[in-house]
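These protein sequences, in sequence, are chains A and B.
Per my numbering, the very first residue in the first sequence carries number 1; after that it's consecutive.
Per my numbering, the very first residue in the second sequence carries number 1; after that it's consecutive.
Keep in mind that the hints were calculated from the coordinates and are not lab data.
We treat Cβ as the ideally placed atom computed from N, Cα and C, and that holds for glycine.
Just so you know, not all the hints are guaranteed correct.
Stated by the list, open to error - Sample of chain B residues facing chain A (criterion: CB under 8 angstroms; computed from the structure): (1) 1; (2) 2; (3) 3; (4) 6; (5) 94; (6) 97; (7) 105; (8) 109; (9) 113; (10) 151; (11) 255; (12) 258; (13) 280; (14) 281; (15) 305.
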Amino acid sequence: MTNAFDEMRGKDGSPRRAYEAVAAWLNATPPEVLAAKREEAERLFRRIGITFAVYTEGADTERLIPFDIIPRVIDADEWAFLERGLTQRVRALNLFLKDVYGTREIVRAGLIPERSILLNPAFRAEMQDLAPPGGVYTHIAGIDVVRVSADEFYVLEDNCRTPSGVSYMLEDREVMMRLFPDLFSRCAVAPISRYPEDLLETLRSLAPPACEGEPTVVLLTPGQFNSAYYEHTFLADEMGVELVEGADLVVDDGRVFMRTTQGLKRVDVIYRRIDDEFLDPLAFRPDSVLGAPGLMAAYREGGVTLANAPGAGIADDKAIYRYVPDMISFYLGEEPILKNVPTHDCADPDSLAYVLDNLHELVVKEARGSGGYGMLVGPHATKAQRAAFAEKLKAASSVYIAQPTLALSTCPTFVESGVAPRHVDLRPFVLVGADRVRITPGGLTRVALKDGSLVVNSSQGGGTKDTWVLRATNAAAGGK
Amino acid sequence: MLARTADSMFWLARYMERMENVARLLEAAQHMSALSADAAEWQSALVAAGCDQGYALKYDTTTPENVVRYMAADRDNASAILCCLDQARSNARAMRIALTRDMWDAVNEAWLESRSLPPSAFAMENLPHTLDWVKRTATRFRGAYAGTMLRNDVYWFTRLGTFIERADNTARILDVKYHVLLPDYSGVGGMLDYYQWTSILQAVSAVRAYKVVYHGRVTPWNVADLLILRPEMPRSLRSCFDEITENLDRLAEAYGRRGECHRLAGAAASRLRYARIDSIFQQGLHEFLTDSVERTAEIGNEIAKLYLL
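Bound-form chain A, shown alone:
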């Protein structure tokens, strides 16, 4: 992708306005200093204990996600635009979910085939006609955005179930402020430290009907062997709420309680970081020991709120993705602000024929897959790889979707060969309460560390960067 949009430098090679300070700093900083800072960053991350588990490795299951010390900078105007687009999109996704588990007007209107919903494995019949507090289903959404030019942003995928990565967003910032306090203060960066507070306020706004007084919020984790366990402890700690496991919860008479040193204590809102199937052995997988028996019944009776709601995954399904622009116009009567990548559903024979003819230009991935496993990036694959993939595709076409290969923007990144452009994406986190939408300025920037690679997933050699959203200049004048 030689013609990818460079976020730091314009076509003439001079730095874009948002990057002026960072470009000057890079010019003035020798590589040895950057290398020393990178080592210091790694030490800090190890000390904090921010690791993720890799299931395929040997005994040492705790590893660090590589961190790149060069910040990614986003202008205040660009951010304002993104923020409008994200709010719009997540509002539409929530209205879609309410509709899916209600009267399905969007199906009646002929915009989405009923089978795409009812036969979708992410659809939860248990949610039919259940009205969650505030009519909100996806309370914490992570929307993966890529940039292809100065003013074009595409949503690559929506994450409406239990998106992770926000602890990296917060810890990356902590580390950057420690490593580069001067650069940071010169740039007038919008703070992100309010995220845990915003999350807690969002969750508290969702108290169930049976709750009297201040709602008690807990975070439900599958436990310390989960790959995102660090994040669970981090968020519970930052919010000052209990971090519970399924075995800590008891359901009695339509209410949920946790076992404490003083006996049972009532729980009102559960920010759950376990998958739908494991929430309640009585409602979903009977062999689950991660959830609490009776939880769904209590939820249905309004005794407890689950965030995000079970069944929210239907909104982020890759087969549903292509209808999101339709949802925006159908529910909101608005034009989509953020673009959708044209998507070919290989289940459709015409689409399949097109995809097979154009494999060299397309990205093909499993509709239900995640983590960047088992995908083909056509332009980067050899002829033989494409031929092999075509056979797989023909054998199980309904499993796959295909999209044009986007020229993801690049940011300067400190790699073995020095500072070089690498492709990035962005996952901002959108919080939807019963009261309002809250978005922290920034998000998690993921970077493909391999030269030319477009796959940013940490399981595929991706790293992270701190994301600096600049404050609007008039606000910056009054700040420190």
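Here the structure of chain A is known, so what remains is to put chain B in place on it, guided by the hints.
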């Protein structure tokens, strides 16, 4: 707080304390064995740490190298120093949220360091240096929690873990050597006895404390008095049980209920408060110490029943 949180804090503190005690036992054994060539000191260390049976399954003879390997680094021995640290860190990680940053740093950094220890760290010539590191780690952990934790139930459960473990250890250390303290003990006599008594003091870092309290040469009765009845000695049974009852009382006040653990701890503490060392010797030192180990275990079980399940 969650019952599981309390359980993790309790065991975190126990494992850190146990790790330190094992280090002190090895230190005392190495010191003593420099004076007498036989393996009795190493055997005593195994017994005091409750490791003798596990050791016998693996080794036919007691050699210093094997004892050190078993008590310091053997993954089959749950009380080995490195296993204690693993389990402490695992409990800490399970309950990151209840730990202060300083506590987490103390445990996690030590754990990271332990993973890069060379195999030679436990060779005889490096042992003192490595054991110093272990003691420093435990001290840093206690200092971190004393200095940074809120004085609430999380803290009281952590304290309970520390002192239940310590009471158990002190009683065991004394019991292993109780015979050298008895008046009718007919050992080798002379200087070696003196060193035996001193080694007990050394195993609980009380050599200087003894001098401050008794101002004189070491006698077996005073050693027993110091480690059983002296309230100012931080590793005496008396001190441990004062701490146990105090922390249990605070929990009872905060939660508004008491249980069997309160009764048992109160009984044990008042026995220590009003006992005299000569009557303990008359009734039998060994019986007294065995009884103390059993009572401590019983109190631990009752704490679990009331709060941790």
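Hint-by-hint comparison with the structure:
1. 1: holds (5 angstroms)
2. 2: It holds, given that the least Cβ distance between residue 2(B) and chain A is near 5 angstroms, below 8 angstroms.
3. 3: holds (5 angstroms)
4. 6: holds (5 angstroms)
5. 94: Constraint on residue 94(B) satisfied, holds at 5 angstroms.
6. 97: Since chain A brings a Cβ to about 4 angstroms from residue 97(B), closer than 8 angstroms, the hint holds.
7. 105: holds (7 angstroms)
8. 109: holds (7 angstroms)
9. 113: violated (11 angstroms)
10. 151: Status violated, d = 16 angstroms.
11. 255: holds (5 angstroms)
12. 258: violated (13 angstroms)
13. 280: With Cβ-Cβ at 35 angstroms, over 8 angstroms, it is violated.
14. 281: Cβ of residue 281(B) sits 40 angstroms from chain A, so the hint is violated.
15. 305: Given a least distance of 12 angstroms, the restraint on residue 305(B) is violated.
In summary, the numbered hints that this structure violates are 9, 10, 12, 13, 14 and 15.
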